[in-house]
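S.K.: Quick mapping for you: the protein sequence lines, in order, are chains A and B. Numbered according to this note's numbering, the first sequence spans residues 1 to 353. Numbered according to this note's numbering, the second sequence spans residues 1 to 551.
Keep in mind that the hints are not guaranteed to be accurate.
[Unchecked claim] A partial selection of chain B residues facing chain A, derived with a Cβ cut-off under 10 Å: (1) Ala263; (2) Asp459; (3) Arg499.
These are computed hints drawn from the structure, not numbers from a lab. Computed from a prediction, not measured in an experiment: that's the story for all the values here. Glycine is no exception: its CB is placed at the ideal position from the N, C-alpha and C atoms.
Residue strings, one per chain:
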Amino acid sequence: MRLHPAVSVLALSTAGLLLAGCAAPADPGAPADPGASAPAAESDNAFTLYSGRDEDLVQPLIDAFEAETGIDVEVRYGNTAELGALLLEEGDATPADVFLSQDAGALGALANAGLFSILPDDIADAVPAGFSSTDGNWVGVTGRARVVAFDGEKYSADELPSDIDAYTEDEWRGLLGFAPTNASFQSFVTAYRVLEGEEAAEAYLTALAGNEPQIFEGNSAILTAVNEGVLDVGLINHYYWFAQASEVGAENMRAQLKFLDAGDPGSIVNVTGAGVLNGSAADADALAFVEYLVSEEGQTYFVEQTFEYPLVVGIDAPEGLPSLESLVNPELDLSDLETIEETQELLARVGLI
Amino acid sequence: MTIATHAASAPGEPAAGAASSRSGGSGAAVGREGGRAQGVDARDASRVARPPLWLVVLASLAALAASIPLVYLVVRGGESGLDRIVETLSRGRVLEYAANSLGLAAATTATALVLGTAVAFTLSRLRVPFPRLWLLASALPLAVPSFLAGYGWLVLAPGIDGFVPSWLLLSAVTMPYVALPVAAALRGASGDLEGVARTLGRGPFPAFLVATWPQVRPAAIAGGLLVALYALSDFGLVAMMRFPTLTWGINAAYSASFDRAQAAILALLLVVLALLVVLGERTARGRVPRAAARAVAPRTIGRGMLLSLLPVVAAAPVVGVAIPLLGLATRLVQAETLRELDVPRLLAAVGSTVGVALAAAALAVVLALPIAALAARFRGRLVSAIESVGFLGHALPGIVVGLSLVFFSLAVLPALYQSVVVLVFAYAVLFMPKAIGTMRSGLADVPVSLVAVARTLGDSPLRAWWRVTVPLALPSVGIGALLVAIATMKELPATLLLRPTGIQTLATELWNRTVVFEFGAAAPYAAVLVLIAAVPAMVLSGIRSTAKEEL
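Isolated chain B, as found in the complex:
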């Protein structure tokens, strides 16, 4: 029996949502209250367990950074009166756009959740040929910018447009946000329970629902949140697929009216939608039931079953990677601008792309850590608010976040304006949510009792945290960092606004060429961008969410 199991079966396990069994167990609080919380009624424990002040302060600072776009939008939107706000929101097709945004986000999230979980389960729990290779292929859609996926599809199927292709393509490119964390969680979770359920006469699917789903649910739902926010903020793909969403409205406000107030009002509407999604996720997340972590041998299945699973596992890599790349290659063959490739220029773009991506990943992890630590161990309105704010930047189009950082850096740090520092900071604000979600589940999985043991052995709270929590949660930090790095490599609008003049990333170089139809000249940049972003995606496919001690 592991200690983790012991903690789960401790008396006073609270009902879902009432309080967390880990509520007494932050590194700092454990000495004061941890022991008591284990023994007393759970409702009492939730009242006693207050997050330590330093953690709240750090998390609030990070949330403050994440709230910069929100502040900017309130300032800009507030410049117009209430009449104007009502008029903007009730005008023309704005509400239809909002409904489209919400519908697309809902459909994409549901699809990515089901498909991602199915893929993860198939590759982790069933005996399939080349499981590592398939998992790697399942991570690859992450590396393809959604506008590139849309573009590639349109080359081969120029007639497609509207909701259905937007939904299917977005689902394909976002599916890894669910599949990878769920696969990682499955590798850590116990399969025994499912076996037990099967022997008790349940079919495979009910057995999965009853025994395994609760263990991977937090990971799946946290991934689903990222999918939903991605779908809400996407502009490139829906523009190509001609499915008008709120991001169209925001873009039109900048590009046709040159009206920042109007854009801000529409963006605030997007923030409200995002808030609904974030709060929905908080309700749906639930807790991870503890069970012994032990390696589960994959089940052998028949050839017919195996073949019927092939479309499930292949769907996202084919739709999100293979077909778009084929489309690009087709264009490349037709193009007449196959000119000599400027290799030093390409290498310079690779260098700056990798550089800013690494820096952004590091900064995003540092900002996300206190928020994740707080959300992993504590509940309450303040915690909920801090975490929600941390996620909001991800729901906004890059142009809004970019302009907010222009506004902020000119007001606060004019000396750093148009420097790499502000650019990296913007990436961190934009993509911090990708790190919060994964790190939160990673930190939550660290058994409270282990930390308590370290404390009783005389470790200071900090030392206990360093010796127990950090090593166990490190893989989830890695996942968060890699997700941020990949997203940074693909980012365009904020990069165009904030980069130091003259600096090019692969995404800006690609943009330089696609806007003038130079598909031939663009292709090498597209290929290199996907290749480079595929490296962290491949690493991702192999990481466990939490290092667990096994029997």
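Extracted from the complex, chain A is given alone in its bound form:
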């Protein structure tokens, strides 16, 4: 056998490809879940949920829904990115009826791939425009504000700048942490581009990258670092603070939160949301659950248990947080945030990713 190793590897891979290719037509996207292909508005009192939100936060709400409606919810927990990739990979063969996502980016990607069915108006309209899909593909459920977490033993909220640009100045050299590969940071950069223009955004990011920033992988790592006193200030979503505070007690939190000025790109609100998969457009159980998420009961649960902003009008924000209205930027439309690719090119150009 005188084959070059690379050739052999290629040959083996090709054989595998053929195997996959031959087998694929045998199953032309048959739905794995027989219930998924059921005709108009049927209920079999059960559906499958893919939840990109954590079991401990979401399961009590699902239990309440089950008790109230008698509908059985089979839940698959995972993180939003993995479940998003999983749904893209499964395509129409997915056993899932509903996807509950931690961020709007995943919902947008699935909508662009044509995997969601259009929600009925009464569900889609429950949440004001700006916090939901513009075309009824998915509905916003809760909001998370971008904030600055700071070391409470070194600073007080008053002495910190209240606009994001100021954190690129010399006095913050080496002291600011953020997670450039994280979806919520990239949404913030996109908002910056939309609100201030491409040139200003590039100038801001260049200054940011040149200020010896502390690079992290995710929000919770940033918060932990601030809490341990090894990082002065960090850019995160507000609700991480509340999640950790409920674990160790708010009085034990060294990290504190600074909300930036209304209208500042640094204070945008990211949303979580839910969509119904294509094959389940007429699944009454799935729709009932999404409706429950944007009901008063569902929204109140999130306010009280996860300290997130409710998106349905008329429900109060969690205690101690600035009102959602004060954070909303009228110049920013959620669909503007879909230009994530340009954002990543920009981040790559300035050397942050």
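Start from chain A and add chain B according to the hints.
M.R.: Showing chain B alone in chain A's frame:
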């Protein structure tokens, strides 16, 4: 004199790399060509010795299974044009990430090789107090998931970050991959030669290099390969230590861009790095010189020497186990979520964890066996390619392997999608390399001449294999199976993607709680996971690589 020794001193012993003295000796081939290969020029023998067809077919099938992630990546990466591929690879810090991955893998492998060999030698060849206990402690880092080690350290030393802590921690948790097989090989290898070298005036270290290192080198280097692949594929630890590697890029492609093509291109770059490592290992591996296996009495050393060796032996258990567990315990004390433990739920997770781990270990061994058998006795491009493919799955992050199995099972076996069958298969693909390496050295150690003797006594090739090869290589099969079982227990990303909906393992339960900062609620799961994974690790510390007949 054992028969093994006899085989080694047979005429026509080939130069390293040219051909193997065992090349004529597979169970099936031995009758046809084995006798001839012993007598003729080694170069001739390598040309004559072709692996039997059935073995090549079986090994190719196993390699095909292992190539599923690769196929998937080529499909997904190929969806974008060449421009896109070039753009993705040349963009921003991608090449820096790749260099970081490679640098971390190289440093970790070198450290684990030196430390692992030193620990194994100290515990097997020197008279130290409680050698069994120390060997057991040296196996324990295997049981600690690397992200847990990183987490525990950060609790106690929140300021650490970057290359150095990533390198040291990864070295500590992967050191057993070298120490255990080397210790096993030392128990089988001869120490006489080293004694001879010493009497001829060599110092202890040169004597070790000249006499003992060649005997343990294949085991050490095979372990080093596992370390390198582990370091390349690790995400949890480098993310915590803020050292950006290619796995960051892959993860970001999924979690921020939701771009599977971009992720696939980056993962293929990781595959190329892994291929370099695998080929490097093949070159460095060399062959085991045969020598009489006899028990060597451990040398007595002075108290001062003994004390100076303590840091060497204690390093990995302290850095990889004791300090992380201390950190976790600290968090546990601070936590306010010390709620009532749901014991049935914990037990259910233990049950499913142990269940899938056993099944995965069995399947991985079955898949790895033909590849190991082929690689143990034969050389050549095809053998090299099959073995390399078998190793690649180990270099990829779990999320990539998980998605590839989603892709594959929906295309080929939709009925089994989200069943335990596909989950176990994914574990086998991911961790098969852990079994290939150990089983290959185990099978290679079985003296060809013994098989030949069985054949001349009238045994069929299969019977000779069953009566001679299997019992002698069985311990190495056990080692491979245990390594797979431990890795399966700790696996998270592929488990999240492929498990049947509703099934929880200890790793997923731990994840459920750590993502929401519930350290108190997470601690029992972390403790049980480490405890359960420690059981096979303890068994591992006592196994010999090859059962050898002794004088």
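S.K.: Okay, which hints does this one fail, numbers in order?
M.R.: Violated hint (a single one): 2; every other hint is consistent with the structure.
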